[in-house]
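Undergrad: Residues per chain are reported as follows:
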Amino acid sequence: MTALLATDGLVKRFGGLLATDNVSIDVREGEIHALIGPNGAGKTTLVGQITGNIAPDSGTIHFAGRDVTRLPTHARVRLGLGRSFQITSVLREFSAIDNVALAVQAHLGHSFRFLADVRRDRALRDQALRGLAAIGLGERAATPAAVLSHGEQRQLEIGMALAGAPKLLLLDEPMAGMGVEESQRLVATLRGLKSQCGMLLIEHDMDAVFALADRITVLVYGRVIFSGTPEEIRRHPEVRQAYLGEDPA
Amino acid sequence: MTPRTLVALVLLALLAVLPLLTQTFDQRYLLSVGTRIVIWSIAAVSLNMILGYGGLVSFGHAAFFGIGGYAVGILSAEGVQSGWVQWPVALAAAVLWAALVGALSLRTRGVYFIMITLAFAQLIYYLASGLEGYGGDDGLNISRSRFGLIDLRDKATFYWLCFALLCGTLWFCSRLANSPFGTVLRGAKSNELRMTALGFPVFQYRLVACIIAGAFGGLAGILLANEGAYVSPAMMSWVKSGDLIVIVVLGGIGALFGPIYGAIVFFALEELLKPFLDLLHKGWGEYWQIVFGPLLVIIALYARGGMASLLRGRE
Chain A
-15 MTALLATDGL VKRFGGLLAT DNVSIDVREG EIHALIGPNG AGKTTLVGQI TGNIAPDSGT
45 IHFAGRDVTR LPTHARVRLG LGRSFQITSV LREFSAIDNV ALAVQAHLGH SFRFLADVRR
105 DRALRDQALR GLAAIGLGER AATPAAVLSH GEQRQLEIGM ALAGAPKLLL LDEPMAGMGV
165 EESQRLVATL RGLKSQCGML LIEHDMDAVF ALADRITVLV YGRVIFSGTP EEIRRHPEVR
225 QAYLGEDPA
Chain B
10 MTPRTLVALV LLALLAVLPL LTQTFDQRYL LSVGTRIVIW SIAAVSLNMI LGYGGLVSFG
70 HAAFFGIGGY AVGILSAEGV QSGWVQWPVA LAAAVLWAAL VGALSLRTRG VYFIMITLAF
130 AQLIYYLASG LEGYGGDDGL NISRSRFGLI DLRDKATFYW LCFALLCGTL WFCSRLANSP
190 FGTVLRGAKS NELRMTALGF PVFQYRLVAC IIAGAFGGLA GILLANEGAY VSPAMMSWVK
250 SGDLIVIVVL GGIGALFGPI YGAIVFFALE ELLKPFLDLL HKGWGEYWQI VFGPLLVIIA
310 LYARGGMASL LRGRE
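Sequence order for the protein chains is A and B.
-15 is the number of the first residue of the first sequence in the working numbering; add one for each residue after it.
10 is the number of the first residue of the second sequence in the working numbering; add one for each residue after it.
Isolated chain A, as found in the complex (with noise of 0.2 Å):
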């Protein structure tokens, strides 16, 4: 099976500091790959190249049959990468089924128009509001983002990226600052999820990174020390020390 992102060789340097070094990494349809790491691993920076936000030093990026290298992030989200950020981002001054139709949006082509109404646009808003729904949140459809709960922010980004139907997920740290019933409830979330799309998971959460993970790939200082499946990391003694040593999750 081909992949559907695979990074080849990408080496990224902040002045001294190599913070991606000679990545390999491939995500396969429908797999969730997850790519753990102590802090300062570079799993940001990673994340960073893969999505266009930073320029590697060398390496490769293919997604979807195509070298994406040199693409813009836009250009790369057209192709299907869709992405939550470590940071909640999400429009929030627009209501939560705002943020969603503004993601069907970009989905369904330019918005070079400038007098149609998107308020009455109801192809778009029903297609929003189901997209609201399949989260969870089609009863906070009129609420202003910045008014609800981090953990319905986390969710309402994540619908966001689904609007936009992604061949590939990228989830930079879903879980962080979530209790752990809204934890256990993206769980569910994603699991149900891998039919649609693959899933690159950038996670500290153990616990949800074993349960929702095919492959495990174990980043320290930039450079992939380990890559397998969830039973062979936990058979692992170096990761064991390396990782869980430093970061007891």
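Calculated from the structure, these hints are not laboratory results.
Keep in mind the model is a prediction, meaning the values are calculated, not measured.
Be aware that a few hints might be false.
[As the list claims (entries may be wrong)] Heads up, incomplete: computed chain B residues facing chain A, CB under 7 Å, no partners named:
#, residue
1, Leu185
2, Thr192
3, Ser199
4, Leu207
[To be verified] Between beta-carbon pairs, the in silico distance windows are:
#, chain 1, residue 1, chain 2, residue 2, range
5, B, Asp160, A, Asp110, 52 to 58 Å
6, A, Gly(-1), B, Val16, 55 to 61 Å
7, B, Gly119, A, Ala126, 43 to 49 Å
Glycine included, each C-beta is placed from N, C-alpha and C at the ideal position.
With the hints as your guide, set chain B onto chain A.
TA: Relative to chain A, chain B alone:
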């Protein structure tokens, strides 16, 4: 109907019949003040499109006064009096300038964007000052554009034309705000990173917004040149760019009618404070902004949404 809409409609109705009022009460001068308010409103509404909806604080919007005005002025000086030629050329010049400035300045953010738009406006200001063939610093007297049967030299006719164009601008702006395009623009103001992650090429949307605003700004410049039958570099000095921002802030950032309230208050205060201060002491009138400044500070501190928010009442 909300009180807000009612006030806006009453205001528009009053503006619509202003020439009749000034004629009835024999206040010719007021019509010329009214004309300037309407023209500045067009420019302020256009600035509000990028500043209010887009969050892009352009400190060089008066450049469009100058470009629209000088395009008309230079053509007039060269013997081309037809508005059918002057106006499209002026609009095209404004659009080109907006595209150029936008393409470069939108690569920056925050205070850098403010500074680079200011720098571009200063560039065109000094360029106009250097046009010795067209009056240099002193500016250029022109005659009003010719439109066949419509005689723009008639003050009421000219006012109504300006008013009609303001209504058109407002209509477009109201549609724009909730259009797919306007929603993207407002979304990018709220969270640019998220909009990019949704797949919107934010830069392109902002550039188009700048071009639209520039076209309406250029239109205001055309009208301003015709109003005074005169163009000079002063119409695009950085002070005018600042005045436009003040008008938008005063009226209410991102509120449809805000720029009009702002323009009315701005010019009314100028017209009232000047003679009042001169009455207190001859020559003080020139410094009317000494009173206006603190007023603006009070608005900024206590009425963040500007005049428009006062109508909405407390939230």
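Undergrad: Is the shortest C-beta separation between Leu207 of chain B and chain A less than 7 Å?
TA: holds (4 Å)
Undergrad: Under 7 Å, Cβ to Cβ, is where Ser199 of chain B needs to be relative to chain A, so tell me if that hint holds or is violated.
TA: Hint on Ser199 of chain B: holds, closest Cβ of chain A at ~4 Å, below 7 Å.
Undergrad: Please check whether Asp160 of chain B and Asp110 of chain A have a Cβ separation lying inside 52 to 58 Å.
TA: Given about 53 Å between the Cβ atoms, the range holds.
Undergrad: Just tell me: holds or violated, for the beta carbon distance of Gly(-1) of chain A and Val16 of chain B against 55 to 61 Å?
TA: holds (58 Å)
Undergrad: Verify the CB-CB distance for Gly119 of chain B and Ala126 of chain A against the hinted window 43 to 49 Å.
TA: 32 Å Cβ-Cβ, so the 43 to 49 Å window is violated.
Undergrad: Can we keep the Thr192 of chain B interface hint, with Cβ of chain A closer than 7 Å?
TA: At about 5 Å, which falls below the 7 Å cut-off, the nearest Cβ of chain A leaves the hint on Thr192 of chain B intact, so it holds.
Undergrad: Given Leu185 of chain B as an interface hint, is its Cβ closer than 7 Å to any Cβ of chain A?
TA: holds (6 Å)
The structure shown violates just one earlier hint, number 7.
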